Amino acid sequence: GAVVSQHPSRVICKSGTSVKIECRSLDFQATTMFWYRQFPKQSLMLMATSNEGSKATYEQGVEKDKFLINHASLTLSTLTVTSAHPEDSSFYICSARDRVVTDTQYFGPGTRLTVL
Amino acid sequence: GNSVTQMEGPVTLSEEAFLTINCTYTATGYPSLFWYVQYPGEGLQLLLKATKADDKGSNKGFEATYRKETTSFHLEKGSVQVSDSAVYFCALRGSPGQNFVFGPGTRLSVLP
Numbered sequence: 002g003a004v005v006s007q008h009p010s011r012v013i014c015k016s017g018t019s020v021k022i023e024c025r026s027l028d029f030q031a032t033t034m035f036w037y038r039q040f041p042k043q044s045l046m047l048m049a050t051s052n053e054g055s056k057a058t059y060e061q062g063v064e065k066d067k068f069l070i071n072h073a074s075l076t077l078s079t080l081t082v083t084s085a086h087p088e089d090s091s092f093y094i095c096s097a098r099d100r101v102v103t104d105t106q107y108f109g110p111g112t113r114l115t116v117l
Numbered sequence: 007g008n009s010v011t012q013m014e015g016p017v018t019l020s021e022e023a024f025l026t027i028n029c030t031y032t033a034t035g036y037p038s039l040f041w042y043v044q045y046p047g048e049g050l051q052l053l054l055k056a057t058k059a060d061d062k063g064s065n066k067g068f069e070a071t072y073r074k075e076t077t078s079f080h081l082e083k084g085s086v087q088v089s090d091s092a093v094y095f096c097a098l099r100g101s102p103g104q105n106f107v108f109g110p111g112t113r114l115s116v117l118p
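Residue numbers (our numbering), protein chains in the order written: chain W, 2 to 117; chain G, 7 to 118.
If you are wondering where the hints come from, they were derived from the structure by calculation, not from laboratory data.
Keep in mind that this is a model prediction, so the values were computed, not measured.
Just so it is clear, CB atoms sit at the ideal spot from N, CA and C, and this is done for glycine as well.
It is possible that part of the hints are untrue.
Some, not all, of what chain G presents toward chain W, calculated at C-beta under 10 Å [said to hold, decoys possible]: (1) V10; (2) G49; (3) N105.
Below 16 Å or equal to it, Euclidean Cα-Cα: the simulated EDC-like pairs (lysine to aspartate or glutamate) are [claimed, not checked]: (4) G/K74 <-> G/D60; (5) W/K42 <-> G/E48; (6) G/K66 <-> G/E22; (7) G/K74 <-> G/D90; (8) W/K42 <-> G/E14.
Bound-form chain G, shown alone:
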């Protein structure tokens, strides 16, 4: 079945540091890939997505590129802010009609 693996957290960075959160997946066919963010006490918000190989999703300074050859969708940001502190979930969906499969989440703490 489909699955998503993320680097284990927590990740603690200083403000303006470079961020990478690794995500790899196992899936048949050509899934769509997503990053969701969950701020403390809130639900999930879509951060970015990519629907086919080599697509790059980007939003709020975050980027992730769909790499089919390495089955990866790593999340990056060049300069993190304290307000980026949250839990980040990598997810895939096999097709528009299928359910999401979420990774375990990575907690990010950014210190001032």
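Here chain W stands alone, though its shape is the one from the complex:
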């Protein structure tokens, strides 16, 4: 089946630094990708929706200047957490919608970010 990869799977950084997380669709093209955040023992919270070649749409309460999203190609979206702080520590999951089979959405394995 289709696969969505994320890199890195885990990252530890110092407070104040920026971290980039990549999300790739490996065997399909994705015009739309989604970024979720999951706090410990909680459900997924949609952060933003990105469409290839256009600006991302952020959910209410999500700071667009803090969580920069770039969807430069049909197979790659990146999430950059800028000036990270300990409260940004979380599990970030991306999801990609198949361009052809639009009712199908695949989830990546997630990236665990720890900010010291």
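Let chain W serve as the given structure and place chain G on it in line with the hints.
This is chain G only, laid out in the frame that chain W set:
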């Protein structure tokens, strides 16, 4: 708006026990319903889905039937295994172009 409610966990069962995780939803129109599973330290994997009323989704021994009259999509398995220990999320999507709405998740622990 659309919403999903799941039974609160954690649920702890012995191996080979019967499993039911309740899920009810609120939505306008005719949403598609999903169960996703998240194993420790991993992302979400689609377990099963149903796209219209009375459809039954099934996979790996798990089943769920789309009940429009009770707005429910309960997950069942006749005999759980230790390897089924995970967090299970019920979700809906109003239409193919809409975002998923996830329930809070139910943690299942199966003891040998």
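Taken at face value, is the distance from the CA of G/E48 to the CA of W/K42 at most 16 Å?
With a Cα-Cα distance of about 13 Å, the restraint between W/K42 and G/E48 holds, given a limit of 16 Å.
Can you confirm whether the C-alpha distance between G/K66 and G/E22 stays at or below 16 Å?
holds, 14 Å
Need the status of pair G/K74, G/D60: alpha-carbon distance at most 16 Å?
holds, 7 Å
Would the pair W/K42 and G/E14 pass a check requiring their Cα atoms to be no farther apart than 16 Å?
holds, 11 Å
What's the verdict on G/K74 and G/D90, does the C-alpha distance respect the 16 Å limit or exceed it?
violated, 27 Å
G/G49 as an interface hint toward chain W, with CB separation required under 10 Å
holds, 4 Å
Closer than 10 Å between Cβ atoms is the bar; does G/V10 clear it against chain W? Give me holds or violated.
holds, 9 Å
Against chain W, with CB atoms and a cut of 10 Å, does the hint on G/N105 hold up?
At about 6 Å, which falls below the 10 Å cut-off, the nearest Cβ of chain W leaves the hint on G/N105 intact, so it holds.
In this structure, the one hint that does not hold is number 7.
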